[in-house]
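Here the protein sequences line up with chains P and G, keeping their order. FYI, in this note's numbering the residues of the first sequence are 1 to 458. FYI, in this note's numbering the residues of the second sequence are 1 to 468.
Don't read these hints as lab results, they were simulated from the structure. Every residue gets a Cβ at the ideal spot worked out from N, C-alpha and C, and that includes glycine. Nothing false has been slipped in among the hints.
Only some residues are given here: those of chain G computed to face chain P with a beta carbon under 7 Å:
hint	residue
1	P306
2	Y407
3	E409
4	N433
5	E434
6	F435
7	T436
8	E439
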Amino acid sequence: MAIKVVMEALSPTMEEGRLVKWHKQEGDEVAKGDVLAEVETDKAIMELVARGSGVLRKQLLPEGGTTAVGTPVAVIAARDENIDALLSDVQGAAAPPSQVVAETREEAGANAIPETPPQSQGEASTPPQQKTPSRAAAPPSGAPPRSPEPSRGAPQAPSPAERGGGNGGGRLRSSPLARRLASEQGLDLARVSGSGPGGRIVKRDIQAALESGVAAAPARRAPAAPAAGGPEFEDIPLTQIRKTIARRLAESIGPIPTFYLTAEFDVERMAEMRAAMVELGDEYRVSVNDILLKAVATALARHPEVNAHWLGDRIRQHHRVHVGMAVAIPQGLITPVIFDADRKGLLEISAEARALAARARERKLTPEEYTGATFSVSNLGMLQIEQFTAIINPPEVGILAVGAMEPTPIVAADGSVAVRRRLRVTMSCDHRAVDGATGARFLQTLRRMIENPLLLVS
Amino acid sequence: MATYDVIFLGGGPAGYVGAIRCAQLGLSTAVVEREGLGGTCVLWGCIPAKALLESAALAQRIRHAADFGVTTGEVTTDYGVAMKRSRAVSQQNSKGVEFLFKKHKITYIKGTGTLAGGKKVSVATAAGATETHDARKGVVVSTGSRVRGLPQVGLEIDKRTVISSDEALVLEKAPSSMAIVGAGAVGCEFADVFNAFGTSVTLIEVLPTILPLEDAEVAAELTRSFKKRKIDVLTGARIQSAKVKKNGVTLGLTAGNEKKELQVDVVLVAAGRAPNVEGIGLEKAGVQLTERGFIKVDERLQTSAPGIYAIGDVAGPPMLAHKGSREGVVLAEHLAGQSHVHPVNYGNIPNATYCHPEVASIGLTEQQCKEKKLEYKVGKFPFSANGRARTAGETEGFVKIIRDTKYGEILGAHIIGPHATELIHELAVARENEFTVEEVDLAIHAHPTLAEAVAEATLDSLGRVLHI
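With the rest of the complex left out, here is chain G (with noise of 0.2 Å):
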C-alpha cells in the first residue's frame, strides 16, 4: 500500500501526459497500466499505422522515380517487412516513455486497476499479486478505449477473415484482397496503406461521403483520388449479409438501388471505437456514465463520484490522441490548485487524417456554418498552382478557409494535401489567438513554401488572390 497524490488508470496519450504535468507540478503520482506505456497510441493506433503509411508513401514515391530521374529496378513492396519496422518503432516510442516516467520519478504500476471505494485503487499486478493504492487528490480515469465490430452485421472480429486495426497492424503479409468497413481516419489510413502493398481495396462507407466529418469538398477530393489509385469507394452503403468463412468472407451490400455482393479475403472493421468502461468498478463508486456510454464529466474533467476524475478517449470524444493530452494536462493543473488554468478548447481541436493525399482540419465545415446560418466567405487555393507543390510532385488537394464576412473571424480551415497535416498548424495558431484572415496574409509566408497556399487561401477569402 503506497500513497500518491494522483493515480492514473491507464497510461496512453491522456494518462502519461498528465502524469508528467503531475510530476512537473510537484505531486507525487503513479500509472497503472496492464500493456504498455503509451497506450492505444504508441502500440495499436498512432504511432505504428503511421510507420506503414510512411511505407506506403514511400511505395508510392518510388514507383514515380523516372519521372524525377531516378532509375529503380522492379519496385516490390514486402508487408511483414513493414509491419515489422512499424512495431520497433512502436515498441521505441513506448520506452520513450518509460525513460519519460523515470526522469519525472512517476511511479509505473504494471496491472489491471479498478477503483476500491473513495480515492483507493487496487491493481492485480502482473506478477499475481493485489496492491492497494490511496490517492491523496484524486484518482484519474484514462483507460482510454477499444477497436469494436459489427456484430449486428455478423461482422463479430474473429482475428483471422474479420479484422481490427489492432490485427491489420501485426499481419505478416497484405492480403490479395480486404474489404474496409468505415471510412472515418482509420478506414482512409488503412485503404492507402493495403492500396499500395498490392491489396485490392474495397472502403465501404454507409454515410453518403467518406470521411464524413471534414467537409463536403475535402471528401470528394479524396475520394476522386483514391478512385484514380484503384481503392472502390462505396458510400451510402449498407451491409445486409455477411457470410464469413475460412479463407474468406462473402458481403451483401445495398448501396443506393443496387445490391452487390462481394468476396473478399479479408474484412477490416473500422467503424469506431468503444470507451474502456468496464471493469473498473466505476458502477460501484458512482461514476456516471453519458447516454453514449462515455464517462460523463464537468468543465474540471470530475466525474460525479468526488474525487474521480476522467480524461481522453473514455471520457467522450473526439477519440484523439491529443485532446487526451491536453486534458491531462489541464487536469494536473486543477490538482495542484494552479489558479488560472486554460479550459481545454474544444473548438479548436485540429483533425488529421495520414492516407495520401493528407486531410486536417479545424474549426467548423462549410455544412456547419450553413446549418449555424453563419454569415461566411470562403477562400480556396489548390495545391497545382503551388511552386514547392509542383516541385514535388503532388499537386492533389486544397486549402480551404472559411471567414466570418463581417469581421474576417477564421471559422474553420480544411487541407487536403501533401503534409496537410503539418500545415494545419498555422491555422490552429491562428484561430487560438484569435487572428483574422488578415493577420494570416500579413505574415509574410518564404516562397517557394507549402504554407504559402495557405496564405493564398486566406487571400482568396478576401477576394485578392494572387496565383491563380
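Next comes chain P alone, as it looks inside the complex (with noise of 0.2 Å):
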C-alpha cells in the first residue's frame, strides 16, 4: 500500500522545511521507524521518519530543496507496485494539502508537539484506485476537511481556525477525564499540550492549564510542578512610574534601555572546591560554568524581579528558574535551556549542560530546549576574555557575562599585597524592569554563592 511522505512539521514555528540530505535512495528498502532525509527547520536539524515500510520509490524533492510544511516529499510503496496514480495525484495537488497532511499539522500544531511523531500518516493512505473517489467526495480545497466523530464527552469541538491553520480533522488527544475538567473549567482542549502518552492530555495536563492562565510551554521539557503546586509565575501590573521609566528610557537608548552591572568576585573557595571535587573522581568532574549556573539559579530563585519576562503592559515574575546558556556553535549563537536549575544539583546541571552543548553543536535541539528561558548566561572566559558585555535576550530582563578566572593582586585591609583568583561578571540589566539598586541587590547574592561555593549545597 502506497505511502506518501510529506514535510512535516518538526517544529512548533516551522513553516517550510530545507532538505538537507536524503539518508535513502530511491529504490532503497524503508521500514517504519527508519530516518529518511534530514530536514533544517528554522533552528535546528531534523530527522524525517519513515511512517510505514516498503521501498522508497521516489524523491519528489532535491537535496537542498525547500517546501512548506504538508508537502509531499517522497512516495513509498511495495516494488512492483503501480504508483502513477498516486504521483500525479500528489504532483496535481500542489498546495492544498491533503487530509493526511491535514492530521499531522493538527498533531504537530502550535501547542501541541507530540511526544512521539504522529502515527497518522501511513494508516491514512489508500491504494490509488480508491483514492480517486474518496478525494472526489472530499470538500473542495480550502474548506476544512470533514472531522471524525468527536469522542462522547468532548467539550464542544474548538473550531480548526483556533487549532492553527484551518486544517482540522484528525482529533485532539485526550484522556476522558481530562476532557470533563477542561469542559467544566471552559479550557479549550486546543490550546492544552499533553504529557501523556503520544501526547495525549491528562488529568496533570489540565491542572498545569489552568495554573498558568494557559497552556504555554510544551509539557515534554517542562517537568512537572512542585508538589505545593502554585502557580508558575505572577504577573505584576505597570504603576504609573514604572511605565514614564519605561517609556523615557526605551526613547533614550533603543527598544531595550540597557544599563550594565560589573562585579568581580573571589573565586579562590570555588577552584577549590572544583579542584576537590576532580579529585574525588571523574563523575564529580564539573566546569568553573557549571558552577556558576548553579550559584545564578540559586540567586534567582531569590530575585523574582530578575527571573522575569517584560511583556509590553506588564512584568512576569517566573516562579520556575529555566536558565539559559549561551553556546556558540559554527553557524552562530543558540541558548539552550536548563529547566527548573534552581531545584537541580550541581551534578546534574554538569551533565545536562555538557549534553545540551554537544547536541547544539550537532544542530540536534528540538525547538523545546531552547525555548522558555527566564535569565541568561553567556560565557567567554574559556576564551580568555575578561570582561564583555553581553546583549539582552527578549522578554527575558537580563543577561550575565561571564569573563575568565584570572590570578590577581589584592590589597588587603592591613596593606599586604596577595594574589587571589578573580572573575569578572557583567550584567545586562533591561531598566524598563531592573533597575540599578535590584540588578545589584542580585549581583550580592549571586557573589555571597560564588565566594562561599558551601552555600550551594545548602
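Make one complex out of these two single chains by using the hints.
Shown next, in the form of C-alpha cells:
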C-alpha cells in the first residue's frame, strides 16, 4: 500500500523545511521508523522518519530544496506497486494539503508537540484506485476536511481555525477525565499540550494549564510543577512611574534600555572546591561554568524581579527558574535551556549542560530545548576574555556575561598584597524592569554564592 | 573481570525484569544472584504460596461437591503433597527465568555480589572464587527483602516452633494448631491455607482490622468470612509474652481489656519484611538509606551515589513484585537513554491478596478519601446479586467503587470476592487512562460474568444500579 511522505512540522513555528540530505535513495528498502532524510527547520536539523515500510520509490524534493510543511516529498510503496496514479495525484494537488497532511499538522500543530511522532500518516494512505472517489467526495480545497466523530464527553470541539491553520480533521488525544475537567472549567483543549503517551492530554496537563492561565510550555520539557502546585509566575501590573521609566528610557537608548553592572568575585574557594571534586573522580568533574549556572539559578530563585519577562504591558515574574546558556556553534549562537535549574544539583546541571552543548553543536536541539529561558548566562572566560557585555535576549530582562578566571593582586585591609583568583561578571539589565539597585542586590547574592560555594549545597 | 553496560545485584522480579528490558534495549547485562532466579517471588513468595492456596481452594470446593451433584468420598488433605507440588511449580518458574536469560543473552552470575567502588561489583562466586566486574552505565541494587521475626515480643524465628513464611512453605505436614502473627496479605493467605488443611488457626493483628491497608468494609467482610470458616480472628491484639518450647508456644495476649492465653504448636510470624541492605557495601559506596532503612532513590531510581541505582523492595514500599518489575523497566529505559520514559505511577499499583474470598484494590480507600477531604460518592454491588457468582456458588463479597462527586474520576476501587485479583485490572486500566465511571459503564460487559459486578458498582455510584 503506497504511502505519501510529507514535509512535517518538526518545530512549533516551522512553516517550511529545507531538505538537507536524503538518507534513503530511490529503490532503497525502508522500514517504519527509518530516517529518510535530514530537514533543516528554522533553528535545528531534524530527522524525517518513515511512517510505514516498503521501498522508497520516488523522491519528490531534491537535496537543498525547500518546501512548505504538508507538501509531499516522497512516496513509499511496494517494489512492484503501480504508483502512477498516486504520483499524478500528489504532483497535481500542489499546494492544498491532503487530509493525511492535515492530521499531521493538527497533531504537531501550534501548542501540541507530540511526544512521539504522529502515527496518522501511514494509516491514511489508501490504494490509488480507492483514493480517487474519496478525494472526489472531499470538500473543495480550502475547506477543512470532515472531522471524525468527536468522542463522547468532549467539550464543544474547538473550531479548526482556533487550532491553527484551518486544517482540522483528526482528533485531539485526551483522556475522558481531562475532557470533563476542561469542559467544566471552560478550557479549550486545543490550547493544552499533552504529556501522556503520544501527546495525550491527561488530568495533570489540565491542572497545569489552569494554573498557568494558558497552556504555554511544551509539556515534555516542563517537569511536573512542585508538589505544592503554586502558579508558575506572577504578573505585576505596571505602575505609572514604571510606565514612565520604561517609555523615557526606551526613547533614550533603543527598544531595550540596557545598563550594565560589573562585579569582580573572589573565586579562590570555588576553584578549590572544583579541584577537590575533580579529585573525587571523573563523575564529580564540573566546570567553572557549571558552578556559575548553579549559583545564578539559586540566586534567581531569591530574586524573582530579575527572573522575569518584559511583556510590554506587564512584567512577568517567574516562579520557576529556567536558565539559558549561550553556546557558540559554527552557524552562530544558540541558547539551550536548563529547566528548573534551581531545583537541580550541581552534577545534574553539569551533565545537562554538557549534553545540551553537545547537541547544540550537532544542531540536534529540539525547539523546546532552546525556548522558555527566564534568564541567560554567556561565558567567554574559556576564550580568555576578561570582561564583556552580553545582549539581552528578550523578553528576558537580564543576561550575565562571565569573563575568565584570572590571578589578580589584591590589597588586603592591612595593606599586604596577595594574589587571588578573581572572576569578572557583567550583568546587562533591562531598565524597564530592573533598576540599578535591584540588579546590584542580585549580584550581591550571587557574590555570596560564588565566594562561599558551600552555600550551593545548602 | 568482565565489563557490562548494566549489572544487577539480585535476580528477583525487579532485577530480572529490569535485566530483560535492558537486553531488549541493546544493553549488555549481567545479573548476580546468590540463590536462584526469580527471587523471593518465585522461590519463597508469590508463586509457591499461590500454588498452596490453589490446593486449599480445591479442598474447600470439593467439600461442597455434593451440592453440585458430584459425589466424592471423604475428603482428606496432605500438606506434604501440596507442598511438593508448590515447590515444583516454583522450580519450573525459576527455570523459566533462566530460559528467558538465555534467550536475551543476559549473563547469570551465580554468587553474592557487593559494591566495590565506582561502578564495580565484586562477586564471591558459588564456586568459591572472587571476581570483579565493571558496569559502564550503572549498577542496580535489586537485593529485595527478607522475612523478619518479632524479637521485641520474644518471637525470634527458630524455624521449628516459631517460623516465617519461608518455613511454612516447606512444612511436611500441617500442624494441628497455629497462631499467625500479622494479618496483612501474607498472614491472611496462610490462615486460608492452613485452615483448609485442617489446622486450627488463630490470626492475630495489632491494628484494629485485618488487612489494615485495605478499605475497612472489605476487611470487615473478610473477617466475617474467616470467622464463618472457624478461623479465630483477634484484632487490636497485643502480644505481651511468648514462651517458646520445643513442641509449642504459649502466647500471652491482650485484646482491648481482655487477657488471653493461647497455646499453639506453631507460631507463624507474618509481620512485615526487612530490606536486604546489609553486606553489599552500601555505606562504603556512599549509598544513603531512608529513616525506615530502605535505599533512598530519586524519581529516576538513582541512589545518592552516582551510577548506583536501586529498585524493588530494597528501594522502599510498597513491597510488591509488580512494583519492582515496573521500576526495573523504567530504570532500564532511563539507562538506555530513552527520552520519553513514563515514570512509575505509584498511585496506581494494584494490591492483591489471594485468600478466599480474594481481595484486590487500587487507588484510595474510603478512609483515605475522608482524610483528604475529597468529595466522593460510593457505589457498591454484592456478588450475591451477580448471576455468574451464583452459578459458581461463590456469592461472598462485593465490588466497591469510590468516585469523585463532580468529575466522576475513579478515586479507588475495592473488590472482595471470586477472582477479585483478576477483576481489579479493568479498573487499573480505567484509572491509568483516566476513564471516569461513565466510560466503565459504557463499555458493554458480557453476561453472565463476574465483571458485570464492576459495571454495576460504577452504575450504583451514579445512582443508576440495575440489578439490586
